[in-house]
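Colleague: Please construct the entire structure, taking both the sequences and the accompanying hints into account.
Just so you know, the sequences run in chain order A and B.
Each step along the first sequence adds one to the number in our numbering, with nothing skipped, and position 271 is 272.
Each step along the second sequence adds one to the number in our numbering, with nothing skipped, and position 615 is 1668.
Don't read these hints as lab results, they were simulated from the structure.
Just so you know, these numbers come straight off a predicted model, no measurement behind them.
No residue lacks a Cβ here, since even glycine has one placed at the ideal position from N, Cα and C.
Worth double-checking, as some hints may not be accurate.
Stated by the list, open to error - Derived DEER-like restraints, expressed as beta-carbon distance ranges:
hint, chain 1, residue 1, chain 2, residue 2, range
1, A, P5, B, H1167, 35 to 41 Å
2, B, P1270, A, M46, 17 to 23 Å
3, B, S1403, A, P5, 21 to 27 Å
4, A, M46, B, S1368, 23 to 29 Å
5, A, M46, B, E1609, 54 to 60 Å
6, B, S1368, A, K123, 28 to 34 Å
7, A, M46, B, P1326, 30 to 36 Å
8, B, T1350, A, M46, 19 to 25 Å
9, B, G1324, A, M46, 24 to 30 Å
10, A, K123, B, P1397, 39 to 45 Å
11, B, S1403, A, V107, 46 to 52 Å
12, A, P5, B, S1368, 28 to 34 Å
13, B, N1551, A, N106, 56 to 62 Å
Each chain is listed here by its residues.
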Amino acid sequence: MSLPHLRRLEAEAIHVIREVAATFSNPVVLYSIGKDSSVLLHLAMKAFYPAKPPFPFLHVDTKWKFRDMIEFRDRMAHELGFNLLVHVNQDGIDQGIGPFTHGSNVHTHVMKTMALRQALEKYGFDAALAGARRDEEKSRAKERIFSIRSAQHGWDPKRQRPEMWKTYNTRVGQGETMRVFPLSNWTEFDIWQYILRENIPIVPLYFAARRPVVQRDGMLIMVDDDRMPIQPEEEVLERLVRFRTLGCYPLTGAIESEAATVPDILREMLTVRTSERQSRLIDTDEVGAMEKKKREGYF
Amino acid sequence: MSYVQSIPPHDIEAHLAEHDNKSILRFITCGSVDDGKSTLIGRLLYDAKLIFEDQLANLGRVGPPGTANGKEIDLALLLDGLEAEREQGITIDVAYRYFATSKRKFIVADTPGHEEYTRNMVTGASTADLAIILIDSRQGILQQTRRHSYIASLLGIRHVVLAVNKIDLVDFNQQVFDEVVADYMAFAKELGFASIRPIPISARYGDNVISASVNTPWYRGLALLEYLETVELDPPVREKPLRFPVQLVMRPDADFRGYAGQVASGRVSVGDPVVVAKSGQRTTVNAIVTYDGNLVTAGEGEAVTLVLADEVDASRGNMLVPPAARPFVADQFQAHVIWFDANPMFPGRSYILRTETDSVSAAVTTLKHQVNINSFAREAAKSLQMNEVGVCNISTQTPIAFDAYKDNRATGNFIIVDRVTNATVGAGMIDFPLRRADNVHWHALEVNKGARSAMKNQRPAVLWFTGLSGSGKSTVANALDRILHARGKHTYLLDGDNVRHGLNRDLGFTEEDRVENIRRVAEVAKLMADAGLIVLVSFISPFRDERRMARELMEEGEFIEIFIDTPLEECARRDPKGLYEKALAGKIANFTGVSSPYEVPENAELHLQTVGHEPIDLALKIEEFLDKRMGDE
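Modeller: In structure tokens, the structure reads:
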């Protein structure tokens, strides 16, 4: 009687994506190029078939993303023919903000959070779809599928709207915007299983390969370009690694792995003992880091 | 989340297929503050080895001093993800967790115990199949236990696990357990749960959580997780009839028109006859379109796009249904409403009512009673305060398609949204339609005056305000306009200001021009009435003939002449625009009452004297007249 698990998740996400198209006047998809965004893109293609998704895909580029990500992004936009918008915080570029010089907090705030706000205001988007999942992190586990943001882009966890059944309150006031998370109920395992089943293209960095890395703060950081300063005590090693999440390369830790295909990755996950966000520096700078960033308008 | 049960890694495909076909159980944990809800889920996840190492390591870093005693881990901190929650040591918002065992998949919503956060508990309960109600063995049944049990039952949860927690703190005493269970059974009798399963547990130490405890030899039932893995939900009853709420009409080009939506219940197949619920138009399903190819049939939960044989009017908010098993289509119904907002709900106030895909203006016409959460007694009430539940009659501006909530959770629910703040201020579960509209199905109509006014839920009218300049016509008309608007009526006010400046800009004040002025206004009012509007016309209109001409343009009973009767001296005294002063000084020619006659109406439907009456009272008198007229229909 009930649908198999993945089809149920797929249908729920399509329903949410369509709901956004039906009720907002100027929605956008926040496209971060990662595996969750790839799934979201795939679902958006399905949701409106035979039409194309009726909204653009926005990438907020910090200029510190892995080179493979940018190449993949441009290829996907070309192949699928979706409307890709790229926004960079020019103020941050002018000030020379970067993760090595300013630390992860300042870099993320200026180049990601501020940049996102700029882009939302520039285009006047009233709803932004994104691929965040509740199982990623504790404060995300508390967030609604339709999550209202104040005119200052802040998330106020105490004023979240109740969200019953599939009856979503999609109304926003002047200046307010909605963040919408169609993959809320997916787990990391579901994402990989779906990528396998649907044969969804993803950035090759997710697959194990020999890559140049240095050991830093207990993480393996890949040397993606020559902007990365190598300390005298550090050594660049060629290691067989892959990434569980993708972001700015100086802030994203690799894991040692031999998983070179999606089934390999799933097999690896069945024995893994750490959560995927462990490879993100931004969460561990301080306790409650993610909630703070979200309050400020980070996804 | 991980899936660590020893799986042969070489057989990944088979393993995935098995995973995909596992049934899913959605449950909530509820109960009073400190009964150990978050701790229990933490324990379930921990003992089932579903917590990642870094998440455990993080627990050492959070939490106020003194909570993590020694090596023991504060499991609640796994769930309480918000800063305020960690600071206060309570759960504020519902947290969703996902886990799976070899037998089943689970989505658990950990819901807050504080009454203040009832809305978040309702959020979790609305999609759950089962509720674990925790009780502290030492405390027994508390108000929140009753409250949460009532809400769980109200939201349609049919299965309950009564987790009698902290059994370690009463020395694993069977008598304590038996007493708590007996108390609960007695009180829950009226709630109509299909099953209640009591289990003695210690969330803190894990007794009877994932396996039977040696400390409770007197308990021979299943441990909590074993029970959750095997509990039979409602046996697949007779399949419900098709409900396909139209979410979005897809028109990528002139050749394709598809109705996108998620099958709310039942099944739809190519070739099935369907009816558009609100209009009664019949057609047939020609194709079921998806990105992965066309389907022959689609069942509950599937998100598809239907192509129909005929061009029918089925926009968002409508529903495609089988001809022989239609939902209710009505604009009045009874519902149980739970109120979330700090501003109380008052009958008569206008809100936005949202079903899964429909959105209409609505008001509570009658608050029949409030339900006392402790005694379940019906109590009279004039308003619903935050966290209260009431039984209400609701009237919507246009009919909606729905089922009773007990028959269909997806098509029987609604939320109430505040017009100004856009907050979700209430949630409702529909009981039944009023006026027995259930057996009256709409037949396809051509779009005419009747159809247009029926959609606005009103009878068109032309309210013709006549009287001397300064008599108070516009003041009363404005007051009435506001009242009608607040009641969700569709109105338009025509007066000298908005007509003289545009349509009649070319007209002066000679006698012919004044006649032409009235003729044009009457024609405009007629068109507006034909569009289904209630038109308020505020013009001096001094001559009986022109007023008769206007009356004869309208349908029988549609023209309502309202004589605003104020003595000339009083009008001259009020003189709001300084016109009488000028007219009396001879500076304005043809001024009604001064240099031109005013012919008093002889057969006005309403004759209102303004002296000694407030404009608002006069407006209310007209409203009363309109209500009576509506009722006479």
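Colleague: Now, for every hint given, state plainly whether the structure supports it.
Modeller: Now the hints, each set against the structure:
Separation of P5 of chain A from H1167 of chain B is about 38 Å and conforms to the stated range, judged on CB atoms against 35 to 41 Å. Taking 17 to 23 Å as the suggested C-beta distance range, the pair P1270 of chain B and M46 of chain A does not conform, at roughly 59 Å. A C-beta distance of roughly 44 Å is found between S1403 of chain B and P5 of chain A, which places it outside the suggested range of 21 to 27 Å. Look at M46 of chain A against S1368 of chain B: about 24 Å separates their beta carbons, and that is inside 23 to 29 Å.
Roughly 58 Å separates the CB atoms of M46 of chain A and E1609 of chain B, a value that falls within the hinted 54 to 60 Å. Checking the proposed 28 to 34 Å range against S1368 of chain B and K123 of chain A shows it holds: the Cβ atoms sit about 33 Å from each other. As the Cβ distance of M46 of chain A to P1326 of chain B is approximately 32 Å, the hint placing it in 30 to 36 Å holds. A hinted range of 19 to 25 Å for the beta carbons of T1350 of chain B and M46 of chain A is consistent with their spacing of about 23 Å.
Take G1324 of chain B and M46 of chain A: their Cβ atoms lie about 28 Å apart, and the range 24 to 30 Å holds. As the Cβ distance of K123 of chain A to P1397 of chain B is approximately 41 Å, the hint placing it in 39 to 45 Å holds. Between S1403 of chain B and V107 of chain A the C-beta distance comes to about 48 Å, which sits within the given range of 46 to 52 Å. In this structure the supplied range 28 to 34 Å holds for P5 of chain A paired with S1368 of chain B, their Cβ-Cβ distance being about 32 Å.
Between N1551 of chain B and N106 of chain A the Cβ separation comes to about 58 Å, which falls inside the hinted range of 56 to 62 Å.
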